[in-house]
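Join these two chains into a complex; the hints should help.
Just so you know, the protein sequences line up as chains E and F, in that order.
My numbering applies: residue 3 is where the first sequence begins, and numbers increase by one.
My numbering applies: residue 446 is where the second sequence begins, and numbers increase by one.
It is possible that some hints are incorrect.
[As the list claims (entries may be wrong)] Just the calculated beta-carbon pair ranges, DEER-fashion:
#1 F:His590 to E:Thr234: 19 to 25 Å
#2 E:Ser77 to F:Asp593: 55 to 61 Å
#3 F:Ala523 to E:Phe294: 43 to 49 Å
#4 E:Thr234 to F:Glu612: 36 to 42 Å
Derived from the structure by calculation, the hints contain no laboratory data.
C-beta: ideal position from N, C-alpha, C; glycine also.
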Amino acid sequence: MNTSPSPETSRSRRRSRGRAPSERLRVLAGIVLAAILAAAYLGLDPVRFFSQVRSWKVVQEFFGAALAPTLTSESGSGYFLLPQIWEGLHSTVLFAVAGMGLALVLGTVLGFLASSAWWEGELVDASDAWTDRAVRAIGPAVTGTVRVLIAFLRSIHELLWAMLFLSAFGISNAAAVLAIALPYGGVLAKIFSEMLDEAPKDAALLLRSAGGGAGTVLVVGLLPRALPDIATYAFYRFECALRSSAVLGFFGFPTLGYYISASFENLYYREVWSYLYALILLVGVVELWSGFLRRRQEFA
Amino acid sequence: MTWDLSVQNASVRVGSTVALAGVDLEIRAGEAVALVGPSGSGKTTLLRLLGAVLSPNDGEVRIDGKDVAGRSPAELRALRSRIGTVPQDLRLVPELRVYQNVAAGRVGRRSLFSLARDLLFPQRAALAEIHALLDRVGIEEKLYHRVDQLSGGQRQRVAVARALYQEPEILLADEPVSSVDPARARDALELLCRVAAERRLTFVTSLHHIDLAREFFPRLVGVRRGRIEFDVRSDEVDDAAIERLYSLSADELLEEGSSR
Numbered sequence: 003m004n005t006s007p008s009p010e011t012s013r014s015r016r017r018s019r020g021r022a023p024s025e026r027l028r029v030l031a032g033i034v035l036a037a038i039l040a041a042a043y044l045g046l047d048p049v050r051f052f053s054q055v056r057s058w059k060v061v062q063e064f065f066g067a068a069l070a071p072t073l074t075s076e077s078g079s080g081y082f083l084l085p086q087i088w089e090g091l092h093s094t095v096l097f098a099v100a101g102m103g104l105a106l107v108l109g110t111v112l113g114f115l116a117s118s119a120w121w122e123g124e125l126v127d128a129s130d131a132w133t134d135r136a137v138r139a140i141g142p143a144v145t146g147t148v149r150v151l152i153a154f155l156r157s158i159h160e161l162l163w164a165m166l167f168l169s170a171f172g173i174s175n176a177a178a179v180l181a182i183a184l185p186y187g188g189v190l191a192k193i194f195s196e197m198l199d200e201a202p203k204d205a206a207l208l209l210r211s212a213g214g215g216a217g218t219v220l221v222v223g224l225l226p227r228a229l230p231d232i233a234t235y236a237f238y239r240f241e242c243a244l245r246s247s248a249v250l251g252f253f254g255f256p257t258l259g260y261y262i263s264a265s266f267e268n269l270y271y272r273e274v275w276s277y278l279y280a281l282i283l284l285v286g287v288v289e290l291w292s293g294f295l296r297r298r299q300e301f302a
Numbered sequence: 446m447t448w449d450l451s452v453q454n455a456s457v458r459v460g461s462t463v464a465l466a467g468v469d470l471e472i473r474a475g476e477a478v479a480l481v482g483p484s485g486s487g488k489t490t491l492l493r494l495l496g497a498v499l500s501p502n503d504g505e506v507r508i509d510g511k512d513v514a515g516r517s518p519a520e521l522r523a524l525r526s527r528i529g530t531v532p533q534d535l536r537l538v539p540e541l542r543v544y545q546n547v548a549a550g551r552v553g554r555r556s557l558f559s560l561a562r563d564l565l566f567p568q569r570a571a572l573a574e575i576h577a578l579l580d581r582v583g584i585e586e587k588l589y590h591r592v593d594q595l596s597g598g599q600r601q602r603v604a605v606a607r608a609l610y611q612e613p614e615i616l617l618a619d620e621p622v623s624s625v626d627p628a629r630a631r632d633a634l635e636l637l638c639r640v641a642a643e644r645r646l647t648f649v650t651s652l653h654h655i656d657l658a659r660e661f662f663p664r665l666v667g668v669r670r671g672r673i674e675f676d677v678r679s680d681e682v683d684d685a686a687i688e689r690l691y692s693l694s695a696d697e698l699l700e701e702g703s704s705r
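Same shape as in the complex, but just chain F (with noise of 0.2 Å):
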């Protein structure tokens, strides 16, 4: 069964600047959640949050029913070994091929010996299977392409697979749309909702575009400001509320033509 999240409470500060106050929001094993709202919102915090990458000042995260905190690195590699992230600048690593990249995806699992053995002679076992996740994405046919190689939305897949790769219970994705052509959003969220499903992996992406979000998500919670604004079921969210996520109240229209 894969793994509920749970924040309570959780306040992140960097430097000054409040990137999250307080916030409580819970996600059961296998849903699927889209986090909406402005850029700067916090949305990007709070996916780091949830993948233990980051924690938080005040407040504690829970996966899978465990605090993050006070883990040893350990365990801390362990529990991140089963979170996959497709980050927004999908940070691959061009010089090396496609399946060197997926493979790649289950460091958190191997010896740095078995990793470059896999890197540099993989077996035939792990080609088959990285073929298969490649086929499941779409582009089985560049197994053995260099990454620089490829075009924006095939490199997304290919991060995709990684993330498969390392059989992850949590799937995060920051801005999955951005990091494509306009033309293929929809693929993208199609892509990557397809593939949480088949695994029924809890997933959890942020997404400025808020038709996408409705379109795609069962659940939207929006973020303003390092709070969260509404959490609903997407159906129900109504028109006002969107305007107020998006609105900016008067300092934040200063702030905004300051930093310009």
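Okay, chain E solo, but in the shape it has when bound (with noise of 0.2 Å):
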């Protein structure tokens, strides 16, 4: 029988390892009871929610227009959609493919940085040759420094860095990236950090044991540990990054979102469907797609 507990459940543990029944309830009252104060401000009344509609015609035409969606324009010049359709598609794939790409990079320097996994601990030689000293030493300077980068990176929408990248570049595709890349890779970089710092050190303290060295250690015995997590919620992300990508669109840049907009001013709503259909259609492919990789566990 195995006496000492597996890092495993000792980490549930830790997580089930809640509030008493009484503060629970306490906390759920206060976050309903923000909720109505918040709604009440805002003067959202329930009641009269419905009559506030100014135009029931528009609610009835837009969601009819989801059942009939077009593949010809309904200008009336009769020209075929799909080539628009394709292009707001590659344009959504690209930016966001590139700009994840940027936030991954980001992401893992910045995160491993973030984590105190890599200075604090058995892991790290609690020896004085210098080179430990010097790690042991910078090491909380250094991750306090790149978690404030890191809350600066992602407290800013991602709207908000095309804005400002696009009155530095103007339409060019590197704002567009970089609008994605940046507060992405913040993101990235917080969850990083944080799923290295809980992965279970026993494996990689083992390794220590068997005289590696701290850094190996880390990416042998601990990185696996992490990396299932990490992969799930970038994959995650990415879908969230095609979303981005798509709304961008909406200030010129070339992605489903430009012809969205396009079509929405023009009231021309089942075109508007079919666009979204396509943005759906792409979210699911990428669901699919690391649901596939999920199940055969290729990860590691």
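Printed below as a string of structure tokens:
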């Protein structure tokens, strides 16, 4: 019988050891109260909510169009819509892939630096060698600085970054890619560092006792324990990047949003729905792909 | 020739608790020894001293005749790379495959780059060597399985193979029978004793199961309350000594009671 708890069980125990029931109830009541207060302050009245709709006709037309998306233009010229849908999808994917690629590099580097795994605890040599002393000395400062940088990157929304880069670059591909890469890099770095810090260190410590250096052991003994979670989260963020990339079209980039806004301004709702369905399809394909990879468990 | 071990008057304190109090122990190269005693007696701490992962507050530990204290980090790593450990909780990387976990055993003699290559694109020769080791421990068909798909007994065999892949001079095991199904306890000990004997490794294990210790090991070292209670050939150990080893003194009974 195994008497010592495995790292997994001690982890889940830490999670489940929550608050007392009465305290939990108070927290829940607090959340509900805050929501009600905010709604009241904003003048949201559930009774009069639907009477505030200005034009039921627009609502009806818009959602009615959902049932009748079109592949030919509603402008009457009768030209085929597929090339535009293709162009929109194509740019949406390109901007998302480029932005996410840069974000992954940023997130990995900053995430590692923001984690305390590389300088704190038993994994790091307690020796007097100057390299070990230096790592222990600068670790907290580096992690603290990088965490501030990460917070800055992700507290500015990608649309705000886009506005900034638009005024700097004009409509250039670099503006859209950076607008996605910076906030996404920040979010990925935060999540990666937390996953690294939470990953069980037992295997890494064993490899230390087999003579492994701290850096090697981090990569071989600790990183694989966090990698499946990291990969799953990165896929989810890629899905978000696709949506962000599509919305950037509203600023004039050639992604789906560009075509959606043009059709919307002309009140061509059936065209709008064609583009929306294309986006939904794209997100669905990514979902299937990541699910397939997860089932094969090919992350390690 | 494998390494001998020598502990002289070693004490280990953790905070205000004394884990080991002036322990003397000599183990010859190639010898197999079981550390017996109740849980919390200091067996695991003693194993950590022998594995050069812990240094004593007082006294000295010599491995292969050389003092462990005062070694540079590089020398310490070189020393540890020749000491294979099978810990109680095995400490495998469950997300990785069996051959990757075994290959990680050579972490002490590989650069990050070459180890990463061994894990991601293993060379034919390395795979053949790992396969042969898995064959020795009886799970050769599990080479490409993920460790989290294996049973407890199979996982322990992976941990043994990882320790052997280090090409160790010393093999240490912490309560090997508690990592497996009780019915497999005998198999686990047989395996460890067999591989240690084949390679003439110096082999030290902690074991609270006194009958198994007597059956499998020629020499028993009784540890109680941080001290060596007896150190005898297993055919010479008498029941009175064992009773003393596991008996609780009055204040220990009190501690047991208050800790529940």
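Evaluated hints:
1. F:His590 to E:Thr234: 19 to 25 Å: holds, 22 Å
2. E:Ser77 to F:Asp593: 55 to 61 Å: At roughly 58 Å between Cβ atoms, F:Asp593 and E:Ser77 fall inside 55 to 61 Å, so the hint holds.
3. F:Ala523 to E:Phe294: 43 to 49 Å: holds, 45 Å
4. E:Thr234 to F:Glu612: 36 to 42 Å: holds, 37 Å
Checked against the numbered hints above, the structure violates none of them.
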